[in-house]
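Listed here are the chains, written in short residue letters.
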Amino acid sequence: MHPTSVMMASSLIIIFTLLVYPLITTLTPAPREPKWALAQVKVAVKLAFFVSLLPLFLFLNEGLEMVITNWSWMNTHTFDINISFKFDFYSIIFTPVALYVTWSILEFASWYMHTDPHMDRFFKYLLIFLVAMITLVTANNVFQLFIGWEGVGIMSFLLIGWWYSRTDANTAALQAVLYNRVGDIGLIFALAWLATNLNSWELQQMIAATKGVDLTFPLIGLILAAAGKSAQFGLHPWLPAAMEGPTPVSALLHSSTMVVAGIFLLVRMSPLMENNPAALTICLCLGALTTLFTATCALTQNDIKKIVAFSTSSQLGLMMVTIGLNQPQLAFLHICTHAFFKAMLFLCSGSIIHSLNDEQDIRKMGGMHHLAPFTSSCLTVGSLALTGTPFLTGFYSKDAIIEALNTSHLNAWALVLTLLATSFTAIYSFRIIFFVPMGYPRFNVLAPINENNPAVISPLKRLAWGSLVSGLLITSNISPLKTPVMSMPPLLKLTALAVTITGLLTAMELASLTSKQLKTAPTLAPHSFSNMLGYFPSIMHRLPPKLTLTLGQAIATQVVDQNWLEKAGPKSITSSMLPLVTTTSNVQQGLIKTYLMLFVLTLALTLLVTIY
Amino acid sequence: MRTSHSVRQRPSVNMAGVGFRRWAQALCRGNGSGISALVSGCRAASGVSKGSLPGPYPTTPEEKAAAAKKYNMTVEDYEPYPNKGEGYGDYPNLPERSQHERDPWYQWDHPDLRRNWGEPIHWDFDMYIRNRVDTSPSPVSWSSMCKQLFGFIGFMLFMFYLGEKFPSYQPVAAKQYPYNDLYLEKGGDPEKEPEEVKHYEI
Numbered sequence: 001m002h003p004t005s006v007m008m009a010s011s012l013i014i015i016f017t018l019l020v021y022p023l024i025t026t027l028t029p030a031p032r033e034p035k036w037a038l039a040q041v042k043v044a045v046k047l048a049f050f051v052s053l054l055p056l057f058l059f060l061n062e063g064l065e066m067v068i069t070n071w072s073w074m075n076t077h078t079f080d081i082n083i084s085f086k087f088d089f090y091s092i093i094f095t096p097v098a099l100y101v102t103w104s105i106l107e108f109a110s111w112y113m114h115t116d117p118h119m120d121r122f123f124k125y126l127l128i129f130l131v132a133m134i135t136l137v138t139a140n141n142v143f144q145l146f147i148g149w150e151g152v153g154i155m156s157f158l159l160i161g162w163w164y165s166r167t168d169a170n171t172a173a174l175q176a177v178l179y180n181r182v183g184d185i186g187l188i189f190a191l192a193w194l195a196t197n198l199n200s201w202e203l204q205q206m207i208a209a210t211k212g213v214d215l216t217f218p219l220i221g222l223i224l225a226a227a228g229k230s231a232q233f234g235l236h237p238w239l240p241a242a243m244e245g246p247t248p249v250s251a252l253l254h255s256s257t258m259v260v261a262g263i264f265l266l267v268r269m270s271p272l273m274e275n276n277p278a279a280l281t282i283c284l285c286l287g288a289l290t291t292l293f294t295a296t297c298a299l300t301q302n303d304i305k306k307i308v309a310f311s312t313s314s315q316l317g318l319m320m321v322t323i324g325l326n327q328p329q330l331a332f333l334h335i336c337t338h339a340f341f342k343a344m345l346f347l348c349s350g351s352i353i354h355s356l357n358d359e360q361d362i363r364k365m366g367g368m369h370h371l372a373p374f375t376s377s378c379l380t381v382g383s384l385a386l387t388g389t390p391f392l393t394g395f396y397s398k399d400a401i402i403e404a405l406n407t408s409h410l411n412a413w414a415l416v417l418t419l420l421a422t423s424f425t426a427i428y429s430f431r432i433i434f435f436v437p438m439g440y441p442r443f444n445v446l447a448p449i450n451e452n453n454p455a456v457i458s459p460l461k462r463l464a465w466g467s468l469v470s471g472l473l474i475t476s477n478i479s480p481l482k483t484p485v486m487s488m489p490p491l492l493k494l495t496a497l498a499v500t501i502t503g504l505l506t507a508m509e510l511a512s513l514t515s516k517q518l519k520t521a522p523t524l525a526p527h528s529f530s531n532m533l534g535y536f537p538s539i540m541h542r543l544p545p546k547l548t549l550t551l552g553q554a555i556a557t558q559v560v561d562q563n564w565l566e567k568a569g570p571k572s573i574t575s576s577m578l579p580l581v582t583t584t585s586n587v588q589q590g591l592i593k594t595y596l597m598l599f600v601l602t603l604a605l606t607l608l609v610t611i612y
Numbered sequence: 001m002r003t004s005h006s007v008r009q010r011p012s013v014n015m016a017g018v019g020f021r022r023w024a025q026a027l028c029r030g031n032g033s034g035i036s037a038l039v040s041g042c043r044a045a046s047g048v049s050k051g052s053l054p055g056p057y058p059t060t061p062e063e064k065a066a067a068a069k070k071y072n073m074t075v076e077d078y079e080p081y082p083n084k085g086e087g088y089g090d091y092p093n094l095p096e097r098s099q100h101e102r103d104p105w106y107q108w109d110h111p112d113l114r115r116n117w118g119e120p121i122h123w124d125f126d127m128y129i130r131n132r133v134d135t136s137p138s139p140v141s142w143s144s145m146c147k148q149l150f151g152f153i154g155f156m157l158f159m160f161y162l163g164e165k166f167p168s169y170q171p172v173a174a175k176q177y178p179y180n181d182l183y184l185e186k187g188g189d190p191e192k193e194p195e196e197v198k199h200y201e202i
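Protein chains in written order, with our numbering: chain A, 1 to 612; chain B, 1 to 202.
Keep in mind the hints are simulated off the structure, nothing from the lab. Incorrect hints may have been included.
[Claimed, not checked] Covered, in the sense of this in silico footprint (three residues per stretch, anywhere, with C-beta under 8 angstroms from a C-beta of chain B), are these stretches of chain A:
1. 384 to 390
2. 396 to 410
3. 423 to 437
4. 554 to 563
No residue lacks a Cβ here, since even glycine has one placed at the ideal position from N, Cα and C.
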């Protein structure tokens, strides 16, 4: 066998072994050593990251991609289900990114969760999640992807409800599971359609078999799945609610890795979507609506984690828009760059929250630049990268997306919404910066705030480096799969920058107005619309559940018995027999002699007929 | 103590004491001896007795009072469901309020359910727990919320429809070839005069 393919295959096996080994050691009842979480789990992920660089460099140097089919799981004459892994452009680049981000988050979590008596279990859950995510990303068939899909969904439930005595956390975890389940309906439908019509679940076979086939139905199913997992409009409330979980969970699952699984699914299935304008338009419009709606909601939130959560949702909408533009590679690029700065934003928020004794309201923060300079600098760098500041990491993906948007043939309203959402991004990012690091402290400084712990600073440093250079690194080393439009009018080229600067200036102007505050509380209707998340949870989490649950209760306790006894059972027999019986009784007037005569006559007639 | 103000608490009954009393009475009255008496007596102490199960719709004031006592409510508070043959019997018709509306800081017997022991249970209690339907008042009225949300969605759908009708794209023109649209290269007759092709006018 060729040495490079041996190296790649063995490094991939080593990555899986490294990640699964700490999990297997927990299956015995023996207690863990005190430093198990740091010594075993974090080190395993760190090593796995460095090992994953080898396939990455092999790919960048030689263009080596592999499909490994390990095991024929269930094979019939007509249908094969195998365990097969696909290490192509997408999974080879995503795996090191995910491992790098996870390594930083695990190190941060060792500080954030160090007072938690079940910290080891927390790390184990995060590791199981990581294994499920990598299974999803490296899957060569849709069934294996579904296994990873469900795995990340379950771990999301367990981790959001980490503080399980808290009813709000339970409700949030339940929301996540239910909304993801709705998406899973779409995925399972798509799986069934693909199995019955294309006769395979392996990606290569499916893509080869789609010539001339109308794929609208499975694509709608896949879009529904992505809408559920990636919190698109209509299935989005679970993502801000998921902030009930600890900050490392929000940083890993609900910004960098799990929520991008839906987009990743569409990226994997992009060859199926290319020739279907209906599916592309649905993606475009849904993504545009999501990005604007969630950016609007982010404008008036007061919880720092909620702002970042809505920011994530808005960026996911942007990724969906990119898929709708038929640019899956750009969407994937945005997934990778977004992971760095979003995880860093969450870690900065977590550090600030912990330093302020679990205060999450930005109205009670302020002056953090004097108290935690490195953290607030990282917050600023992350926000700048998020808004697409030229030559930071977000610029390479976001600006490319906006350029593609401007030069494509697309729905004009989707274009307007996306540009508006880009300016809103600048507004709420500036809002965070204005309220948290800038100004003076609006809290009682009761606990000493310091940045002495390397477990906090090193992850932030690593992710800051990622937020600064990863965009440049990735785009310099890969060649685009689709030819980008190179020539456009200068206004179009500068649209992203112009729109962002407009948003920033608007936000600065509004912020300066707070010193001349005229009202004690906001009273405008649009503010209420934005603050209460568009009234979507207030309506959708009250009316439909109430109707369906009362219907269920009524069916279970009353309707079934009522029907079986009164409408279909004994009483119905009574009510249907009653008219017959009364009619018959009324007809028969008790004329015994007449009946007897008739009987005798009929008998005589019958005898006559039979004898003769 | 702040509960929903339409339900006033009766002094709570010690169910364990009731059970023991019933068991002792059954033991005295029972005609078995030894172990069988003990065992048959235990049956009386376990489970719900017939008197505490929901019964038929109360018609007389005495029945109403008995039903109110059964459900641990005062006679003024007790109100059965209307007798429309739906099978509610004498179960109390409690106000449609979810557990979210109860005081989060009061020391409930069951803090997660925000309920005290012996309180009458709402017919849809499982719907009104803190993980499910919330009936607490919203800052904005229900009709206003619905109008704003569905108005927003309707407006967006309409604008997307318009955006499909009038899409955004960069202006492009048809490809222009030289030499009279490549007349000779496309196999045109060299003898014949090709027709003039004008791509643009200045």
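Closer than 8 angstroms, Cβ to Cβ, for at least three residues: run that test on the segment 384 to 390 of chain A against chain B and report holds or violated. violated (count 0)
Given coverage of the segment 554 to 563 of chain A by chain B, checked by CB-CB distance under 8 angstroms (3 or more): The restraint on the segment 554 to 563 of chain A holds, since 4 of its residues have a Cβ under 8 angstroms from chain B and three suffice.
Holds or violated: the segment 423 to 437 of chain A covered by chain B, criterion of 3 or more residues with Cβ-Cβ distance under 8 angstroms? violated (count 0)
Count residues of the segment 396 to 410 of chain A with a Cβ under 8 angstroms from any Cβ of chain B, then say if the count reaches three. Satisfied; 5 residues make the cut.
When the structure is compared with the earlier hints, violations turn up for hints 1, 3 and for no others.
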